[in-house]
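Asks: Sequence:
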Amino acid sequence: MERVRLVVSGRVQGVGFRPTVYRHAVEAGLTGFVRNSTAGVEVEVQGIGPMIEVFLARLKTRCPRQARMDTLHAEHLPVRPDEQGFQIMPSERSGDLVVGFPPDLAACGDCVREVLDPSDRRHGYPFTNCTNCGPRFTIVSSLPYDRARTSMAAFSLCERCHKEYTDPSDRRFDAQPNACPACGPRLSILGADGQVLPVESPLLEAVRLLKEGRIGAVKGLGGYHLCCLARSDEAVRRLRERKGRRDKPFAVMFADADEVTRYCEATPAEVLEMLDVAAPVVVVARHAGTELSSFVAPDTRDVGAFLPYTPLHHLLLKKVSPLVMTSGNVSEEPITHAEAELSRILGKIADFALVHNRPILRRCDDSVVRLVRGEKMVLRRSRGWVPAPISLSRGGPPVLAMGAELKNAFCLTRGAQAFLSQHIGDLTEHPSLAFYEEAISDLCALLGVEPGVIAHDLHPAYESTRLAAARPADRRIAVQHHHAHIAACMAEHRLEGPVIGVAMDGSGLGDDGTIWGGEFLVADYRQYQRRGYLQTLRLPGGEGAIRHPVRMALGMLHAEFGAEADRIGSRWLPALQDADRQVLLRMLESGTQAPVCSSAGRWFDAVSALLGLCDTISYEGQAAVRLQAQAAAGTSREYAFALDMQDDRVLLSFRPMIRKMIEDLHASVPSADIARGFHETMAAGIAAVCARLAESGPTDKVVLSGGVFQNELLLLLVTDALGRAGLKVYSHREVPPNDGGIALGQAAVALATMEAG
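Counting from 1, position 403 in the sequence shown corresponds to residue 1275 in the numbering used here; the numbering is continuous, with no gaps.
There could be a bad hint or two in this list.
Quick list of simulated restraints, FRET-style, between CB atoms [said to hold, decoys possible]:
{"no.": "1", "residue 1": "G1629", "residue 2": "S1263", "range": "55 to 61 angstroms"}
{"no.": "2", "residue 1": "G1246", "residue 2": "D1384", "range": "38 to 44 angstroms"}
{"no.": "3", "residue 1": "R934", "residue 2": "R1109", "range": "47 to 53 angstroms"}
{"no.": "4", "residue 1": "T933", "residue 2": "E1106", "range": "37 to 43 angstroms"}
{"no.": "5", "residue 1": "G1116", "residue 2": "D1384", "range": "34 to 40 angstroms"}
{"no.": "6", "residue 1": "R952", "residue 2": "N1229", "range": "45 to 51 angstroms"}
{"no.": "7", "residue 1": "A1288", "residue 2": "K932", "range": "53 to 59 angstroms"}
{"no.": "8", "residue 1": "L1144", "residue 2": "R1032", "range": "30 to 36 angstroms"}
In case anyone wonders, no lab produced these hints; they're calculated from the structure.
Model, not experiment: these values are computed from the prediction.
Virtual Cβ for every residue (Gly too), placed ideally from N, Cα, C.
Could you build the full structure based on these sequences and the hints that come with them?
Replies: Quick look at the structure:
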């Protein structure tokens, strides 16, 4: 006989870990107990040695799908001769975020089967869940995580549900959202005027309206989706008009994996990602000639595809599919999550709303990922991952990192754990700003921390910087935008540095007061040196040039051809009227209202406009999206570039490329080939700068970050070129390369700064 004590850390509370331990122990004939503790889960098992080994093996290989064991410490204890049976002991701190409070979980296969089984008591019930699935983050009001502290508190368990809830052998043991048709939440359907429609089945009425081509608002886990038939040009076009979203791609929900592969070129790995417990939107390519409306994603073959992740979705998609499922909001505002907010979209965008009476306490958008050579790259980290912590290589006092202005997510640290918030959005919009402040207070309360250290961007005009100054703090640490990008990727890979950091994005304030965005840094967490940058361009008209890429194209032509830019622009930039072109050229000549920037994103804008792909954008990155889509169809081509030295920094100059692109246009070279050539030249130039820095620098590690590296083609070309140069490459996987991940870098820099004193 032996007795062993185990302490397991990771995501092991609120995920069915204790019932799993119970079942494995009983099957192995062991006695003892399991309970939650502030360190994770504590287990004591007693029995003959071989059966304890069997128990341990099953625990490691047959864990709940949403659990994650980070560490397992074991020690032997004296045997207790009189112990009888195995039991689940009560816990005082069940569900503490410190030990891995779970995000919302997609409906598991067992629950889906029950919902679709006519003989099951939960047949057709849209709020079916168990310990292995269902809402968590979006329904809990405070910790510890139990029913009384969730939005399920108002629903008293019926006798049968209570029996499941209290039986350790049942998969609904301690499942806080447990319910059935007799005791749980219910559906209703509202018309465009907000009044309840008197129908027998709200679900079937929603199906009927969708099939008629109507637009619906459907209440999900973290907020409302706006939905319509994905095969109907008329319905999708109407949704775009009402939502004010002219071109930005919509996500599409498919009924099952088979339907995904009928419409999309989804690989087995991409389908497997959709089936993950997080159930993210996965960016995949559409089949040529697909029946999906071309208005779903007008600029690209790519589409954001995902699968039903609640029982309600499964029931709906079984009857009408595929559906556009996009955030229930006016464009760029936070997702609507409460019935009191429905007036913003109901009757204005949606023709009806499928609602229920389980409150959503915390709004949380869908997560978005892309697989690059089979490796996950998170583009938006939200539902399904938040608030799962990210382990850091160092701890310290609690830090609040405010994030960026666009694609905002903030970050809180507690010890050596970082908690990135759900997707907030663009802080330039007042509703997003209100959500931002609300979410900061909420997560601080949930974690039980009062951060005395605040990290923020250098830019004084950012709303996040303004709020950082307004919050009480013992210390405020300003972090340069691109240093934060590099630090975020370093933190994700637990690199200590120094590294060669390649930060490519739209713009960020440099420490010299100019606009950066194509940077080569040699950095660790505490400091960085700007060792190289992309050739600078002027932005004629300032920020207006970001919204009008055709202006960037003129700026690019002026940088190389000077006065000749007028003649060349009149030929290749027809979207610019003569008078407008003259005004912009005067700005470029004098530098008035034409600030200098080193932004990689602006180069993509300029080339896209030069090729006639995008003169004016309706969403961030649109010109680059169209350029990448064009390049995907082009043949391999590489232009010349130059490496010059400016103030002991390497300047990557594209002047030779600009001239050759104009020659190619005159020679009627296909625009797809020119677009491909631009991508290959950008990648080759980036690799050349890194190789030069590695020759004289202290490291061969290269870290890639910034929103431009969402471009799969560029990322692959750069990764391959750096590999051929013998350099080790690190890019984002679990944290977005765009500004949605920048708060993690700010937090990592602040902790290192505090450690250094």
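Asks: Please go over all the hints and tell whether each is borne out by the structure.
Replies: Hint-by-hint comparison with the structure:
no., hint, verdict
1, G1629 <-> S1263: 55 to 61 angstroms, "violated (24 angstroms)"
2, G1246 <-> D1384: 38 to 44 angstroms, "holds (40 angstroms)"
3, R934 <-> R1109: 47 to 53 angstroms, "holds (49 angstroms)"
4, T933 <-> E1106: 37 to 43 angstroms, "violated (51 angstroms)"
5, G1116 <-> D1384: 34 to 40 angstroms, "holds (38 angstroms)"
6, R952 <-> N1229: 45 to 51 angstroms, "holds (48 angstroms)"
7, A1288 <-> K932: 53 to 59 angstroms, "violated (24 angstroms)"
8, L1144 <-> R1032: 30 to 36 angstroms, "holds (35 angstroms)"
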